[in-house]
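**Student:** Residue strings, one per chain:
Number of protein chains: 2
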Amino acid sequence: MARKSNTPTMWEVAERAGVSQATVSLVLNNVGGSRVAEATKSRVLDAVEELGFRTNAFAKSLRSGKSGMIGFISDEVASAPFAGKLLKGSQLCAWESGNVILSVDTFNEPELEAAAIDMMLSYRVQGVVYASMYHRVLDVPTALAGIPTVVVNAQDRAGLVSSVFPDEELGGYTAARHLLEAGHTRIGMINIQDPESDLPAGIGRLAGYRRALREAGIETTPRLIRYGSGIVEDGFDLTRELMNEDERPTAIFCGNDRTAWGAYRALESLGLRAPDDCSIVGFDNQDTLAPYLDPGLTTVALPYEQMARRAVELLLSAEKPTQNPIECSLVLRGSVASAKVPA
Amino acid sequence: MARKSNTPTMWEVAERAGVSQATVSLVLNNVGGSRVAEATKSRVLDAVEELGFRTNAFAKSLRSGKSGMIGFISDEVASAPFAGKLLKGSQLCAWESGNVILSVDTFNEPELEAAAIDMMLSYRVQGVVYASMYHRVLDVPTALAGIPTVVVNAQDRAGLVSSVFPDEELGGYTAARHLLEAGHTRIGMINIQDPESDLPAGIGRLAGYRRALREAGIETTPRLIRYGSGIVEDGFDLTRELMNEDERPTAIFCGNDRTAWGAYRALESLGLRAPDDCSIVGFDNQDTLAPYLDPGLTTVALPYEQMARRAVELLLSAEKPTQNPIECSLVLRGSVASAKVPA
DNA sequence: CTGATCAAGTTATACGAATAACCAACTTAC
DNA sequence: GTAAGTTGGTTATTCGTATAACTTGATCAG
Numbered sequence: 130m131a132r133k134s135n136t137p138t139m140w141e142v143a144e145r146a147g148v149s150q151a152t153v154s155l156v157l158n159n160v161g162g163s164r165v166a167e168a169t170k171s172r173v174l175d176a177v178e179e180l181g182f183r184t185n186a187f188a189k190s191l192r193s194g195k196s197g198m199i200g201f202i203s204d205e206v207a208s209a210p211f212a213g214k215l216l217k218g219s220q221l222c223a224w225e226s227g228n229v230i231l232s233v234d235t236f237n238e239p240e241l242e243a244a245a246i247d248m249m250l251s252y253r254v255q256g257v258v259y260a261s262m263y264h265r266v267l268d269v270p271t272a273l274a275g276i277p278t279v280v281v282n283a284q285d286r287a288g289l290v291s292s293v294f295p296d297e298e299l300g301g302y303t304a305a306r307h308l309l310e311a312g313h314t315r316i317g318m319i320n321i322q323d324p325e326s327d328l329p330a331g332i333g334r335l336a337g338y339r340r341a342l343r344e345a346g347i348e349t350t351p352r353l354i355r356y357g358s359g360i361v362e363d364g365f366d367l368t369r370e371l372m373n374e375d376e377r378p379t380a381i382f383c384g385n386d387r388t389a390w391g392a393y394r395a396l397e398s399l400g401l402r403a404p405d406d407c408s409i410v411g412f413d414n415q416d417t418l419a420p421y422l423d424p425g426l427t428t429v430a431l432p433y434e435q436m437a438r439r440a441v442e443l444l445l446s447a448e449k450p451t452q453n454p455i456e457c458s459l460v461l462r463g464s465v466a467s468a469k470v471p472a
Numbered sequence: 130m131a132r133k134s135n136t137p138t139m140w141e142v143a144e145r146a147g148v149s150q151a152t153v154s155l156v157l158n159n160v161g162g163s164r165v166a167e168a169t170k171s172r173v174l175d176a177v178e179e180l181g182f183r184t185n186a187f188a189k190s191l192r193s194g195k196s197g198m199i200g201f202i203s204d205e206v207a208s209a210p211f212a213g214k215l216l217k218g219s220q221l222c223a224w225e226s227g228n229v230i231l232s233v234d235t236f237n238e239p240e241l242e243a244a245a246i247d248m249m250l251s252y253r254v255q256g257v258v259y260a261s262m263y264h265r266v267l268d269v270p271t272a273l274a275g276i277p278t279v280v281v282n283a284q285d286r287a288g289l290v291s292s293v294f295p296d297e298e299l300g301g302y303t304a305a306r307h308l309l310e311a312g313h314t315r316i317g318m319i320n321i322q323d324p325e326s327d328l329p330a331g332i333g334r335l336a337g338y339r340r341a342l343r344e345a346g347i348e349t350t351p352r353l354i355r356y357g358s359g360i361v362e363d364g365f366d367l368t369r370e371l372m373n374e375d376e377r378p379t380a381i382f383c384g385n386d387r388t389a390w391g392a393y394r395a396l397e398s399l400g401l402r403a404p405d406d407c408s409i410v411g412f413d414n415q416d417t418l419a420p421y422l423d424p425g426l427t428t429v430a431l432p433y434e435q436m437a438r439r440a441v442e443l444l445l446s447a448e449k450p451t452q453n454p455i456e457c458s459l460v461l462r463g464s465v466a467s468a469k470v471p472a
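Protein chains in written order, with the working numbering: chain R, 130 to 472; chain F, 130 to 472.
For the record, the hints were derived by calculation from the structure and aren't laboratory data. Some hints here could point you the wrong way.
The list treats identical chains as one, so a pair stands whether inside a single copy or across any two.
Within a straight-line C-alpha distance of at most 35 Å, the following computed DSBU-like cross-link-like pairs (lysine-lysine) qualify [claimed, not checked]:
hint: 1; residue 1: K170; residue 2: K195
hint: 2; residue 1: K449; residue 2: K195
hint: 3; residue 1: K189; residue 2: K449
hint: 4; residue 1: K170; residue 2: K189
With the sequences and hints as input, model every part of the structure.
**Tutor:** Structure follows, in structure tokens:
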């Protein structure tokens with residue numbers, strides 16, 4: 130009945146312990162408390178130990194109908210700068226609930242995505258975390274219709290599934306508040322996209338900036354708001370523009386860290402320096418950049434890990450679709466100083 | 130015999146097509162060519178389509194003994210700066226051979242690692258890619274003994290399993306050659322670790338630099354070789370030191386990109402600029418940094434993706450353990466200029 | 001006309017674990 | 001003394017697929 134193999138089965142364990150396969154299963158899954166005598170129990174456990182038995186997840190899943198796997202589909206996330214943070218959060222949360230992550234990066238190729246979904250359906254994943262590389266509004270592939278799905282770092286256009294994404298507006302508000310609290314009143318902003326663009330990041334961050342100023346009783350001057358595209362060069366050019374205005378801002382809120390890097394360079398090129406001549410706040414907390422700028426960049430962190438954890442939680446809780454903006458927190462470094470009190 | 134469920138089985142497909150379950154299996158796996166009549170075949174395929182049948186990977190794996198999964202264990206790789214590049218390469222290569230990646234990041238926690246290995250053994254992975262965050266010599270966990278393993282971005286101390294890692298020496302050689310070919314003869318190097326440190330990266334890069342100079346008939350002056358720890362500040366300080374020597378180098382090979390960034394800043398602080406006053410070559414091709422420096426940094430790229438592909442290939446080919454240094458290629462940007470011919 | 005070959009399937013079983021249902025031997029209660 | 005319970009297990013079956021072994025009716029060579 131039992132046979133020798135490189136990976137022993139419960140039958141082999143049972144044979145060695147002198148019990149039935151069912152008993153081995155009962156012991157290993159600790160079913161019904163003391164249905165098995167202590168002596169037998171330890172004989173079984175000894176046999177398990179000696180043979181190096183390891184349960185076969187496939188047989189277990191087949192029988193139980195639970196795969197214990199969660200799918201993670203991303204478009205290029207795995208190779209994006211902030212990279213595995215989403216994956217990391219998902220994995221940790223999945224792990225805590227005894228699940229395992231089956232991840233596929235689709236590199237934005239539709240065929241790869243289709244194949245990935247196919248594969249995940251075959252593996253009967255409990256649910257799928259659908260992660261986007263950047264915050265956007267997207268359509269969940271129809272192939273995922275039959276299976277619990279949560280969108281992370283993006284929003285589902287149709288609202289059929291839950292979405293978890295950064296609260297950009299609050300992040301922008303937080304950044305601006307920080308500058309206001311330092312006493313600044315002439316606060317510029319360099320946004321990361323055209324006013325016509327519909328990406329949530331730029332729209333939200335700008336809106337938050339506006340609300341903070343409005344609440345502080347400061348009117349937002351169009352002259353102090355510039356539009357770049359989130360790259361270093363634009364940060365450089367637009368900061369120089371701002372600093373050449375009649376009334377220079379004493380602080381600039383940059384829509385992302387790369388723009389802020391450009392701002393640092395622009396200040397330098399003008400013989401100025403953050404934070405003494407102009408305070409700077411960034412956005413993204415890019416960990417290969419923000420800490421290494423001189424001075425370190427005060428910026429707003431995107432909550433990748435929390436978003437991912439939340440996504441997995443939502444997946445496992447199987448609740449109704451909800452929208453979940455996640456708070457972005459401020460990371461203090463050295464690029465903000467108190468405004469000089471005008472003499 | 131067949132019953133309705135959300136995920137139909139082969140029995141249900143068989144019932145609908147009016148054939149036996151075995152026939153469905155034969156059709157779907159295309160066994161033995163024309164064992165099944167075309168008409169029957171298409172009836173089956175129609176039924177598959179109509180019911181939305183998807184094979185159960187668990188049953189399949191249980192029956193066949195092949196899991197179709199490859200384990201990917203990493204220590205913090207998923208959240209490292211170069212991030213998912215290793216994962217990406219592994220995934221692509223695994224995918225091509227019909228396999229799927231089961232990845233776990235252990236965050237350097239031994240218990241997590243043990244649990245991860247346990248899980249992978251349960252899922253009967255075909256093999257494990259054991260990835261390191263940085264190039265080092267490591268010991269493969271003994272728990273992996275029974276299962277094909279390949280170490281990537283590191284070297285197995287015992288040499289019991291294959292290792293795939295960057296050819297640091299050749300990379301250093303390539304960097305130095307590039308400067309030599311531009312006519313430089315006074316070439317400084319800022320290494321990224323102490324002379325006593327035994328990390329392969331610093332040792333190899335320095336050795337390559339030395340070989341290139343030796344081959345060019347230039348003696349390496351200790352004065353031109355400095356030792357930092359791979360951080361921006363050290364790049365800054367040591368570059369200033371080098372540039373304050375009696376005979377300044379006309380080019381500096383920095384052991385990594387962050388050091389090179391520091392070098393840029395140092396030059397700037399001295400009123401100098403790359404590449405006119407001093408050429409710079411980095412190492413790592415850090416994609417959030419090298420392209421954005423001004424001028425863009427000429428550097429040596431670490432072949433993450435190729436290493437990962439190679440690792441998976443080795444895993445699947447089940448060959449004897451081998452050591453596999455992978456070539457690091459030069460990425461040209463704007464930080465190297467021809468040496469000025471002395472008047 | 002008959003035995004052999006072949007096309008096109010079907011039947012039965014195994015993979016490894018979980019679990020419902022059953023059972024034997026002892027206690028215990030009255 | 002016997003019905004009822006308890007203890008400590010066992011047996012049989014199931015999950016969904018792959019495949020070896022068998023069947024059946026037709027075709028064909030000699």
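**Student:** Taking the hints in turn, state whether each one holds.
**Tutor:** Here's how the hints hold up against the structure:
Taking CA atoms no more than 35 Å apart as the test, K170 paired with K195 passes in both settings, with 26 Å inside one copy and 31 Å between copies. Taking CA atoms no more than 35 Å apart as the test, K449 paired with K195 passes inside one copy only; the shortest distance there is 21 Å, against 37 Å between copies. Taking the closest pair of Cα atoms, K189 and K449 come within 35 Å of each other both inside a single copy (29 Å) and across two copies (33 Å). Taking the closest pair of Cα atoms, K170 and K189 come within 35 Å of each other both inside a single copy (21 Å) and across two copies (32 Å).
Violation of the numbered hints given earlier is absent; every hint is satisfied by the structure.
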